[in-house]
Each structure stands twice: as structure tokens, then as C-alpha cells.
Amino acid sequence: MSALLEVEGVSKSFGGLRALSLCSLSVQRGSIAGLIGPNGSGKTTLFNVVTGYVRPDAGSVTFDEKSITGARPDEVFALGLGRTFQLTRIFARLTVLENMLVATQRNEGWLRSIMRAAASPAEQRRAMELLDFVGLARLSATKAGTLSYGQRKLLELAYVLVADPAVILLDEPAGGVNPTLINEIRERIVALNREGKTFLVVEHNMEFVMGLCHQVTVMHQGSAIVSGTPDVVRADPRVLDAYLGGGEEEDRDDVAVG
Amino acid sequence: MSAGAKSSTEAYVSDTGVSTGRRSAIAAAWLVFGALLLVFPILFSNPTVTTIAVFTLIYMTAATAWNGFAGYSGYIPLGHAVFFGVGAYTMALVSLHLNLQGGYEMFALVPLAGVAAAVIAVPFGLIALRTRRHTFVVITIAVFFIVQLLAFNLGFTQGSSGVQVATPLWTAASFNDRFYYAALVILLIAVLVSWGIRRSRFGLQLLAIRDDEDRARGLGVKVQRVKLLGFVLSGVTVGMVGALYAFFIGQIYPQFAFDPLFDVTIALMAFFGGLGTISGPLLGALILEPLQQYLTLQYSVGSLYLIIYGALFLIVILTMPRGIIPTIGDRLAMRRAERLGREESPSAAPVSPPVEVAPFSGAAR
Chain A
1 MSALLEVEGV SKSFGGLRAL SLCSLSVQRG SIAGLIGPNG SGKTTLFNVV TGYVRPDAGS
61 VTFDEKSITG ARPDEVFALG LGRTFQLTRI FARLTVLENM LVATQRNEGW LRSIMRAAAS
121 PAEQRRAMEL LDFVGLARLS ATKAGTLSYG QRKLLELAYV LVADPAVILL DEPAGGVNPT
181 LINEIRERIV ALNREGKTFL VVEHNMEFVM GLCHQVTVMH QGSAIVSGTP DVVRADPRVL
241 DAYLGGGEEE DRDDVAVG
Chain B
1 MSAGAKSSTE AYVSDTGVST GRRSAIAAAW LVFGALLLVF PILFSNPTVT TIAVFTLIYM
61 TAATAWNGFA GYSGYIPLGH AVFFGVGAYT MALVSLHLNL QGGYEMFALV PLAGVAAAVI
121 AVPFGLIALR TRRHTFVVIT IAVFFIVQLL AFNLGFTQGS SGVQVATPLW TAASFNDRFY
181 YAALVILLIA VLVSWGIRRS RFGLQLLAIR DDEDRARGLG VKVQRVKLLG FVLSGVTVGM
241 VGALYAFFIG QIYPQFAFDP LFDVTIALMA FFGGLGTISG PLLGALILEP LQQYLTLQYS
301 VGSLYLIIYG ALFLIVILTM PRGIIPTIGD RLAMRRAERL GREESPSAAP VSPPVEVAPF
361 SGAAR
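Those protein sequence lines, which keep their order, are chains A and B.
Residues in the first sequence are numbered from 1 upward in steps of one, following my numbering.
Residues in the second sequence are numbered from 1 upward in steps of one, following my numbering.
No lab work stands behind these hints, which were simulated from the structure alone.
The model shown is predicted, which means the values in this text are computed figures rather than measured ones.
Just so you know, even glycine gets a beta-carbon here, dropped at the ideal spot from N, CA and C.
Among these hints, one or two may not hold up.
[Said to hold, decoys possible] For each label pair, taking beta carbons as the anchor points, the in silico distance ranges come out as:
# : chain 1 : residue 1 : chain 2 : residue 2 : range
1 : B       : 105       : A       : 141       : 31 to 37 angstroms
2 : B       : 327       : A       : 206       : 46 to 52 angstroms
3 : A       : 109       : B       : 27        : 29 to 35 angstroms
4 : A       : 187       : B       : 338       : 37 to 43 angstroms
5 : A       : 106       : B       : 154       : 27 to 33 angstroms
6 : B       : 132       : A       : 214       : 39 to 45 angstroms
The whole structure should be built from the sequences, with the hints applied where relevant.
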């Protein structure tokens, strides 16, 4: 098997709400995997479990044949698993370049981290290259808080790349972004994938997902219900059920009408 | 493309595009300021004035150290009086047990007080830094009152009867000067530490935590370690000035060594001058501490300054919510931009907006 990221039987409850229930998912090395499902189906919670923000109640997460179940977010990132957030999160009062440098990984003790400058020339050069890649190089000295929403999405993608992660999890990269920029983001993802990066993308924009991903997994009520190529997923009746409400017997009529 | 990237990198290296002329002007201002501090006791030998000066230096140091954590990380601790008191008691009790007679060797206890403050700061930070924002503020206040209560009730602190500290046998004329220069040395250390943090990787991580702690975690920042380190570092410096304070005052009591107003005061000084800047807390303390001492001496009403402080705080919040230094900085930048705009043709507007649109939303955090 060449699964780079493997989620097996993960469950997570928040109080009485079962956000994930025996959810399993595997992402092949070098692929672009999509994760879709109605609102509240547990996609973001699954992201949070994988990246260490949420500790699962049960199940395991394996990355590159190492268990990362319950690891802290900084450890997960250091291992080579980066993510972006649904609502972009950047450091508004730092400059664009400083945002990039936060993500620079160094293995140094606390004393060295105080004594040494924020970034070496090589680290700055690398950050500028990545800013250039997403087209933000000329804005490197401006405060990130002045960037537009789309630019923030690009910045978030760029600083996740700083640590050269093997897998990148994107939470709605095309959400709230104009069509031109969506294309730009798609091109960046495809280019990175060609270089060997693996992606797991949560997205509501079906056209975007179906056009981009090699493999799509559909989530519903905390579980992965269907997984396959875009064509297979599109044709599966369970997917339609999930999106149009419940899959209970009495809802079948609604599906027919829709 | 790569050429553009390269030039931007160089701009960052030279401190995000600050011109060399302006940088040397800033350096010159710091030199003049340092020189003035250095010769102050020579120019003013009146003991009343030099006493005020010693207190001012102590508060400048404490405000700088406090800002070195609060201003960079966005966490607002109101329990730093714990470190001040621990430092003061370390000086008083250790000199008492070693039977020191109040010579220069007493100053050797100042670093020891810093170590004592660190020993307290680690568990304090481990507990308090598990929480954020308002909860964090409340926890630090609670820890402060617990420690103050301990100072009143533990046997070795001698409770409310306080501790006498050996008085040096220096002549009245030079008495204050020695404390002045000792305080100046600690201030220098505090400012250098604050400046060093600002430009270090550790400082960048603190600033990232201030803007979005969870995002920083997801980019590999070990947030608990970074926060704890910042907290302890600022506690150490405050502990050191606490020790100096005890030696200077000559006797300490729980309610003065662990004074709830201490935190209100240093926080106000940092906010007043400009939170998160290096010169801000210095300026804030330089204005507010002499004012407080003057009012106390002049009207012999110890709490009058609190009313004045309150009024000043309101004025600052209303007119320059980010503090004096950032507000002045913005005005200057704006004026410079206008001048540049007039010199160049109006069509050749600069690409990067010179005016920061970064509201000080973190003030309440």
C-alpha cells in the first residue's frame, strides 16, 4: 500500500454531538484527494483530528507509517503535514514575509531561539521564492492585515509550504474567492502536486473538486460513506441522499422531486 | 520575477524599508537618552530628586520587562507583583540570614532574586498559561493574592511585621547615586533583553502567538514553551528590581512588596507609552512615575495619583488608543507619505500603502 495518510475508525464526540463516527479515509502518496459532504458532516473535525487540534476519542491516524494519533499541532506540522483553515488565519500585524518566517522549522533549543535572529538569509530567500510562487512577493513588507481575502488564502498556502510538507490539507481553498483566483489556486495545487506533494482538499465547490481530485471521499454524519474517482462518486445515489437530506426513507420523495 | 524577490528580501534585511537616515536619527536619539540618564545624578544632586529618579528607573525597568511579555504575546498578566515581592523578600531574608551589613555585596543578591523569581514564575506560568485572555488575567490576579496572603502568614516572612533590610553606611550625598546606577544597569539589561527578543526568532513566535495562537501552533510553534519562556524572562527582571527596591527602601512589608497597584501601574505605563514597543514603556514610566511621586510629596495624599492616572488613561484611550509612541509614529509616517506624494507626480503612487491599517484590536486581550 502506498497510503501516505491513513485515518482508521476515528470517532469524536463533543458533548452529545457525535461529530465523527468510525470515520476512515486513506490518501495515496502523490495524489490529490477530495473530501466533500454537507455542512456539519465532520470534514473540518476530521482535519482537526489529523492535524492535532482535536484529540480523537477512538481510532488512529497514521502518517507515513508513523502513528500521529493525539500528537500536538506543532509536532504534526514538523513531521510534514501542513494545513490551511476554512476561514483564513494569518498573522495580521506581522508583515507578509514575517508570516512566512513563523513557519520556518528549526531544531533549536530555547536559548538559541532567543539568541538567534528571526531568519537567516537562506530562510528569507526561501520565503521570498514561495511568495513569488503565489504572486505575493511585491507585498512582502506590508502588514498581512491589509491583504484582501484572496491574497490571504494565497499567503496561507505559501507559509504552509515553507516547511516543505509532504501532505497539505486545504480547508475550502476556493471558498469566497473570485473565479480568476480560484483558477490561480487550482494551478498552484496542480503544480505542487506535479512536484510530488500530496493534497487532501475539503471543498463545497463541486466543479473545483471534481476537476482537481483523483479520488473523492464523501462524508455524511461523521462517517465516510463513499470513496472513489470523481465519476464513481458523482454517480452514487448515496451521495445525492447525503446532500439532499438524511437518507431516511421518508426523504426519498424529496430526492425524486429535486 | 526573481530580481523583484531579491530586492524585497534586501528591504526586509534593512528593517522593512526604514531609511538609513531615519535609523541613524533613532540611534542618535537613544544615545542622547542614554547619556542623559548617565549624567542625571551629576546634574541633579538634590536627594528628593534622585530618590524620585531611582523609583522612576525601577518602574521603567519593570514596565519594560512586563511589556517584553505582554506587549509581544498579547497576554496581559496582572500578577507580576508576585515577582517584585519575591525579589524583595529574597533580598531582605537572604541578607538577614547571611548577616550582611549593607555594603556593595548586597547588590550581589540582585541576580539571586532574579533566580528566585524564575523559580516562582515556572509553576505560576505553567498554571496561568493554560488559559487565555480574560481568564488568564483573572488567574494571574488570583495567584497574586494567594502569594500575598502567604507573605502575610508564612513563618519565615515574619508576617505583617515585615523585614528590616540592612542600611548601608554610605554618606547621604552619595547614597542615592549608587542605587541610581545599580537600577540603571538593570534597566540597561531589561532594554537589551526586550530589544533582543524583538529581533529574535523567539520574539517572532511571541508576536505570532499574539495575532493567532492556534494558527502558530499549526505552523510548528511550540506555543506553551514560548509563552512560558517569555513569562519567566519578564518575571526575572521584575524580581531583580524588587530586590533593589527592598535594599533601597530599607524595610519591606507584605502589602508593599506585594502591591496590587504595582501591576496596574506598570501595565498603565506600557499602554500609555505604547504596548509592544521598546521605547513606549520607558516613556510611560518616565512620565507617570515622577508625576506620582511629585503628587504624593506635594499633597501628601498617597492615592491622589490614582485619580490622575485614571483621568490620563481615559484621555489616552480616547485620543491615542495605541499609546504615545505608535500614534506619533503613524503621524510621522503619514506626513512623510504626504511629502513623498507631493514630490513625486501624483500618478506615480507608491505600490505599497505607507499607512498601516492595523487597528489595535489586541488592546483588550
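Structure-based check of each hint:
no.: 1; hint: 105(B) / 141(A): 31 to 37 angstroms; verdict: 51 angstroms, violated
no.: 2; hint: 327(B) / 206(A): 46 to 52 angstroms; verdict: 49 angstroms, holds
no.: 3; hint: 109(A) / 27(B): 29 to 35 angstroms; verdict: 31 angstroms, holds
no.: 4; hint: 187(A) / 338(B): 37 to 43 angstroms; verdict: 40 angstroms, holds
no.: 5; hint: 106(A) / 154(B): 27 to 33 angstroms; verdict: 43 angstroms, violated
no.: 6; hint: 132(B) / 214(A): 39 to 45 angstroms; verdict: 40 angstroms, holds
The structure does not agree with the numbered hints 1, 5 stated previously, though it agrees with the rest.
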